[in-house]
Every structure is written in structure tokens, then in C-alpha cells.
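Below are the chains, spelled out letter by letter.
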Amino acid sequence: MIELTDVSYTYPHTVHPALHRVSLNLEKGRCIMVTGPSGAGKTSLCLAACGILHHEYGGKKEGTVIVDNRNVTEYASLSDLAQNVGIVFDDPEAQMIFTTVEEELLSALEHRGLSAEVIEERLDGIIRTTYLDKLRDRSPHHLSGGQKQRVALAATLALGNDILILDEPTSELDEHATERIAEILTDLKNQGKTILLIEHKYRHFEGIVDSLVILENGAITASGIPGEVLKDARIRGMIFPDFSTIHKSHPKLSGSEPVISVQNLTHSYEDVPALSGINLTIRRGEFVAIVGENGSGKTTLVKHFNRLLSPTSGDVIINGKNTRECSIAELAHDVGLVFQNPDHMFFADTVREEIAYGVDNLGIKNRDAVIEAALRDADLSETAAMYPRWLSRGERQRLAIACVVAMQPGIIVLDEPTTGLDGYEALLVIGMLKNLQEKGHTIIIITHNQEIAQHCADRVIMMENGHIISDSGAA
Amino acid sequence: MAEILQYVHKDAFLHRLNPYTKIFFIVLVTIMAIIATDIPFLILMVIALLAFAAYGRVLSESLNQLKLILVMSVLFILITILTMPNGETLGYLIPKIIPLIGGSVPITTGGLMIGIVLTLRFMILIFAFQLFLISTQPRDIVHAMEKIRIPIDYILMFIIALRFIPTLQIEGQRIHEAQLARGFNPGTGVLGKVKSVSPIIIPLVSNALLRSNVLGLTIDMRGYRTGKRTHVRERNFEKRDYAVMTVLTIVGCGFVALVITRMI
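Protein sequences, first through last, are from chains A and B. If you count the first sequence from 1, position 201 lands on 218 in my numbering, and the numbers rise without skipping. If you count the second sequence from 1, position 116 lands on 696 in my numbering, and the numbers rise without skipping.
Keep in mind the hints are simulated off the structure, nothing from the lab. Glycine is no exception: its CB is placed at the ideal position from the N, C-alpha and C atoms. Warning: the hint list may mix true and false statements.
To be verified - Partner residues are not named here, just some residues of chain A that face chain B (Cβ under 8 Å, in silico): (1) Ala-125; (2) His-128; (3) His-158; (4) Leu-325.
Unchecked claim - Lysine to any residue pairs mimicking SDA-like chemistry, simulated, CA-CA at most 25 Å apart: (5) A:Lys-206 - A:Gly-244; (6) B:Lys-775 - A:Cys-343; (7) B:Lys-808 - A:Glu-137; (8) B:Lys-727 - A:Glu-134; (9) B:Lys-819 - B:Phe-632; (10) B:Lys-773 - B:Gln-753; (11) B:Lys-590 - A:Glu-110; (12) A:Lys-151 - B:Ala-592; (13) A:Lys-451 - A:Arg-393; (14) B:Lys-808 - A:Val-135; (15) B:Lys-590 - A:Tyr-148; (16) B:Lys-775 - A:Glu-370.
With the hints as constraints, model all of the structure from the sequences given.
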């Protein structure tokens with residue numbers, strides 16, 4: 018159904034090709050999973066496979082792309098291609114155009130030349146299969162990242178095309194929600210759909226993947242039956258990162274003083290309770306993982322640590338100071354928060370300036386030495402003069418951490434630091450955090466990744482519906 | 581967060597009206613607000629609009645705009661006082677007690693009047709458009725505009741512009757938080773607000789550009805420009821539409837009569 022032959026592509030104004038002689042043959046009813054490091058050209062491959070590159074982008078193109086037995090250049094327009102191919106892009110927010118979930122799906126159904134009755138019927142069917150019943154009338158802007166991903170998938174399914182291209186459709190989903198997507202895809206495959214899947218989480222999709230493709234630096238370095246491809250130890254490490262190799266330090270915690278103390282914390286957004294009755298003490302030098310499903314209150318909790326949110330009731334004490342009495346800027350000396358999406362914070366012209374921003378805000382001494390050290394720790398010394406947004410996702414994530422580390426806070430909080438990274442990149446990030454812990458920092462991460470939580474954290478806190486339901490380190 | 585100019589899902593009177601009825605309503609209200617200069621009449625229009633909003637159960641959403649309107653009215657009145665001195669002098673913007681420059685900017689009845697009229701007009705326009713946007717799904721707007729032969733590209737531009745408002749609001753908030761977390765201290769008060777805007781603009785715009793690319797592709801891949809469309813859940817012209825249209829026509833005629841007899 019999709020056949021790429023020797024496809025090379027270079028984006029306008031760049032030198033290095035994003036894709037280099039990529040050949041791929043996706044037969045009807047099969048599923049190919051493509052994986053590889055961030056910045057390897059996976060998204061470009063998606064754009065090529067559905068003809069968008071040839072129709073919408075400039076730059077240098079070589080090779081041929083055949084979709085449903087026709088060369089993509091023979092299709093009159095994207096709308097024409099859209100009759101055959103459905104694609105889910107990696108940014109769910111950008112795919113939410115309308116004002117209710119139902120309207121979003123209708124907008125896709127309306128252009129298929131179906132009768133009104135068939136549309137209503139299909140709408141109900143899709144809402145059922147993607148478990149969107151409760152969200153039907155909600156505004157897409159108010160959904161969580163994971164819910165948005167499900168709506169984006171549903172809108173593409175609504176087109177009813179036989180070919181589906183999915184660019185990291187589960188990047189913001191927890192384990193449970195990823196399982197759901199895997200189930201949906203299994204059903205689709207059983208219905209005879211052809212699927213090109215870009216993913217990092219091979220384990221969840223094992224059952225449906227017929228062929229595994231490894232893309233690195235724009236070129237395919239391995240492809241074939243998953244069992245064969247995974248014989249290569251290096252590739253195994255990329256797909257199944259071995260977090261157990263990260264040695265667990267055993268800090269002497271019993272004697273160390275509490276750095277965070279949360280007392281009876283409650284928080285409500287308008288009238289909706291997000292946290293209730295949270296009690297928690299975190300001691301200096303601990304490595305804590307906070308786990309829980311999407312929407313369980315993890316991010317809301319950590320935003321209290323540097324007062325981006327104030328308690329509705331209860332108290333948060335950081336290093337002996339009640340956050341109610343401190344400004345956010347004061348707390349930035351104590352707590353560094355790395356947000357889920359690093360792109361929200363970059364605005365400087367170079368990587369070095371980006372790190373300098375926080376350092377200068379706090380007026381830290383030995384400015385230049387501190388910045389150099391942060392660059393070195395994040396393995397970014399060579400890219401110090403680059404524009405932050407040109408870095409790969411893995412590098413951007415490390416830069417986001419470096420920006421915070423350079424401010425020398427005792428406590429470093431990270432929201433989903435390994436999202437969208439392949440195994441090696443994730444290991445690099447976790448290794449970096451472990452080093453920081455050894456230097457005496459307290460590390461708190463929010464993660465969906467069970468293995469990271471188990472192998473790397475000294476303590477795992479599980480949240481559900483705004484409560485802490487288990488805490489492995491509770492005294 | 582209060583969202584500006586976004587559809588709110590409800591099942592109320594305004595929501596059930598046909599989009600054309602509401603477009604007719606906006607056109608009429610706009611024309612009336614532009615022609616009328618009589619302050620009591622304009623105030624009456626504002627009250628009528630709010631009553632209409634209350635009847636359609638969207639009053640609280642309408643009142644959310646008051647802050648914006650307040651800022652705007654202060655600006656308008658200030659500008660007209662400065663630029664259109666006319667009529668009796670009521671006092672001076674810079675009190676006479678201050679030496680040299682004291683008494684230099686007169687507050688005149690004319691300037692004040694024009695400022696108030698402008699404010700009321702904008703208030704009416706904002707309320708009217710908001711009533712329309714709050715109660716009409718973008719999909720219905722697309723259909724309605726398409727039927728009156730507005731090219732699809734222009735319609736989509738309009739829809740996307742509206743759609744980006746909450747995205748930019750939410751995104752701006754996130755970026756601002758990320759910067760606060762990095763020790764950015766813009767200070768408080770007006771100066772702080774202004775200072776905090778500039779570092780937000782760059783990431784906001786570059787994220788929005790990236791996003792608009794994907795958004796455009798999404799629209800294309802959903803086949804929006806194929807031109808063929810099945811009309812699902814169209815709102816027919818119903819009794820309530822005829823009723824509202826009749827009332828609006830009577831109001832329109834009455835207005836014309838008032839204008840001709842120079843009552844307002």
C-alpha cells in the first residue's frame with residue numbers, strides 16, 4: 018500500500034539530508050513499526066509516506082513514493098491523498114481545531130461523501146471504540162495531553178481510510194492508556210487496515226508489529242522481522258533500555274533533614290478538586306519517582322513546590338520556609354522545575370545564553386564556570402553556540418535540565434523527563450539525574466515508565482484521583 | 581481560565597437559533613450601533629443585549645469581558661479628551677495647581693461625550709459578537725459562510741484565528757510559568773506586566789508557527805478543501821427563528837423611523 022524507494026530528502030535551508038535513501042514496503046494489512054533516536058527523521062518519514070513532503074514542502078527530494086499503487090506526485094492535492102491515507106501527527110494540540118470532541122470528529126466525517134445517517138452511525142461507532150463517550154461534549158482544549166491524543170486518533174479513524182500513519186500516538190499516555198491504544202490498533206489491524214507506526218514503546222505493540230525498522234540519522238540501519246532485528250544487542254538496548262545498569266546509590270537518608278514537607282495539602286481548580294489531603298515528607302538526597310495515571314494530580318502537586326500553584330488549604334514547607342510567604346523568584350533558589358515540554362521554555366538565541374538566563378536571574382557567582390559545567394554535564398558543550406530549537410528532542414530535554422541545574426537548586430523536579438526519547442537517550446537523562454543525586458541534590462521525577470521508577474528511584478509514590486495511594490518510602 | 585470569544589457548549593435559546601438568524605442579528609446591531617449617537621439609546625442597547633444574553637444563559641460569559649471593556653473605555657475617553665476638545669470646559673486633566681503645565685489639557689463636554697459614545701459602541705459590538713461566537717459552533721459558522729459563497733480559504737482563516745486564541749492563552753501561561761520557575765522576576769504592577777510580556781513573545785510565536793503548520797496539514801488531510809460536504813445536523817429555520825427575525829425586523833424599522841425623525 019505504501020512503497021518508498023530510495024527516498025532522500027533535504028529540508029530547505031539545511032545541508033544534511035533528513036532522510037537518506039530510505040526504502041520501505043508496507044503491504045496491505047500489515048503493520049510496520051519505525052523507531053530510532055529523536056531527530057533521526059521519523060517524522061519526516063511519516064510526511065514522506067503520506068505524500069505531504071512532495072505536496073507541501075520545498076527542499077530536495079529524490080526517490081519515489083507510491084501510495085495505493087499511484088505515485089504521490091500523481092495525486093492532484095493533499096485532499097486527494099486524504100481519501101486514501103489518514104495520518105495522526107505527533108502534536109495532539111495542533112490537531113484540535115473545533116470546540117467539542119464530537120464536532121472534531123464530525124469535521125472529519127463530513128467530507129467523505131457519506132449520507133447523514135451513515136455519518137451519525139460511524140460517529141457513534143468511533144466514539145465507542147476510542148472510549149470517548151464521557152468526553153463527547155467537552156472542549157478539546159480542556160483535555161489532558163493523553164486525551165487529546167485519543168481524540169486526534171479518533172478523528173483520523175473517522176476518515177475510514179485503509180492506510181493509517183501514526184507519529185508517536187502514545188507519547189503522552191500512561192501505561193494503561195497505551196494499552197488501550199494498542200488494543201484499538203489490534204482491532205484495526207484485524208479489520209485489515211495497513212498501519213505505519215512510529216513508536217518507542219515496542220513492548221506494547223509487540224502483538225501487531227510485522228516488521229521493525231530502525232531509523233538513525235535519516236537512514237534505515239536495520240529492518241525485518243522483529244525477532245531478527247532484536248538479535249542485535251545495540252538495537253535491543255535502544256528498544257529495551259536496561260535501567261538496572263544504573264547503580265542505585267544508597268544515601269544515608271535516615272539522618273538527613275526534610276527538604277519538602279507537605280501538610281494536608283488540598284488544591285482545587287475553580288471548583289474541581291485536583292488534590293486532597295496530601296501529606297508528604299521528602300528528605301535531602303532522595304530520588305523520588307511520582308507515578309500515576311494521566312490526570313491523577315502529579316503535575317499539580319509538584320507545581321506547589323515552587324509556588325506556581327498555591328495551596329487551596331494546607332501548607333507546603335520548602336527548606337523550612339512556608340511557600341505562602343515566599344515569592345516564586347525566591348523559591349527558584351531552592352527548587353528547580355523542568356517542565357514536560359522543553360519547548361515552552363526556550364527563547365534565547367544560543368544554548369549558552371539559554372543556560373545563562375536563569376543563572377543571571379539569580380545572580381549566581383562564577384557565572385561562566387557554572388555555565389560551562391552545566392554544558393559539560395549535559396553533554397552539550399559542542400552545541401553551545403547552536404539555536405536551542407534546532408537541537409534534537411533528546412538534546413533539548415538535556416538542555417532544559419542543564420538550564421535548571423545551572424541555577425544550583427537543592428531540589429530538582431522533572432515532569433516526564435524521558436517522554437519521546439529512545440532507550441539510549443532516556444538512559445543518558447537518567448544517568449545525568451543519578452549524578453546530580455550523588456552531588457547531593459534531591460531529585461523528584463514524574464514518570465509513566467515503570468522501569469525507571471523501579472530501578473532508578475529510591476522511593477516510589479503512586480497517585481490516583483488527587484490522593485497518594487501508596488508510598489514505598491513512607492516512614 | 582476565562583476563554584476569550586470561544587464557543588461554550590450549552591443547550592439554550594441562543595444555541596438553538598439558526599446561524600443566519602444570529603448573523604442577521606449581528607449585522608443589524610452593528611449598523612444600529614454605528615449610526616446611533618444618542619447616549620441613552622446606546623445604553624438601552626447594551627441593556628437589551630445583556631438581557632438577551634441572560635435569556636440565552638450566557639450572561640456570566642458576557643460579563644467576563646467587562647475588564648477588557650473597562651480598560652478600553654478609559655483609553656477611548658482619554659484619547660478623545662486629548663484630541664477632540666469641543667464644547668464647555670469641565671476641568672483640566674493636569675490640575676491648575678501644578679506650575680507651568682497646570683491647566684494644559686482641558687476636559688471638555690464634547691470630548692467626553694464622544695469618548696462615552698465610542699465606548700458604548702464598542703461595548704455593543706463586543707457583546708453582540710460574543711453572543712454569536714459563544715452560541716454557534718465553528719462548524720455551523722463554516723457552513724453558513726460557505727452557503728453565502730465566501731471562499732473556503734477565507735472561512736478557514738477566520739475559524740483558525742478564533743481557534744488560536746485559547747491556545748495562545750494557555751501556551752502563554754505555560755511559558756510564563758516556565759520562566760518564573762527559572763527565577764525570572766518581572767516585578768509587580770503595570771511595569772512588571774509589560775516586562776513579563778517580551779520574553780514570552782518569542783517562544784509563543786515560534787511554537788504557534790510550528791503548530792499552525794501541523795494544523796494546516798490536519799485540515800487538508802481531513803479533506804476540508806475537497807469541496808464536497810455532507811450536511812449533518814443542520815439547523816433548520818424554525819419557529820423561534822421566525823419569531824426572532826420578526827422582532828429584529830420591527831426593531832430595525834423602528835430604528836430607521838427614529839433616525840429619519842432625528843430622534844437619536
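Evaluated hints:
1. Ala-125: 5 Å, holds
2. His-128: Check passed: Cβ of His-128 of chain A comes within 4 Å of chain B, closer than 8 Å.
3. His-158: With a closest approach of 5 Å, the His-158 of chain A hint holds.
4. Leu-325: 5 Å, holds
5. A:Lys-206 - A:Gly-244: 20 Å, holds
6. B:Lys-775 - A:Cys-343: Within the cut-off at roughly 21 Å; holds.
7. B:Lys-808 - A:Glu-137: 17 Å, holds
8. B:Lys-727 - A:Glu-134: 22 Å, holds
9. B:Lys-819 - B:Phe-632: 18 Å, holds
10. B:Lys-773 - B:Gln-753: Distance of about 13 Å is within 25 Å: holds.
11. B:Lys-590 - A:Glu-110: 23 Å, holds
12. A:Lys-151 - B:Ala-592: OK: Lys-151 of chain A and Ala-592 of chain B at ~21 Å, within 25 Å.
13. A:Lys-451 - A:Arg-393: 15 Å, holds
14. B:Lys-808 - A:Val-135: Judged against 25 Å, a Cα distance of about 16 Å means the pair holds.
15. B:Lys-590 - A:Tyr-148: Distance ~22 Å between Lys-590 of chain B and Tyr-148 of chain A Cα, so the pair holds.
16. B:Lys-775 - A:Glu-370: 19 Å, holds
Checked against the numbered hints given earlier, this structure breaks none of them.
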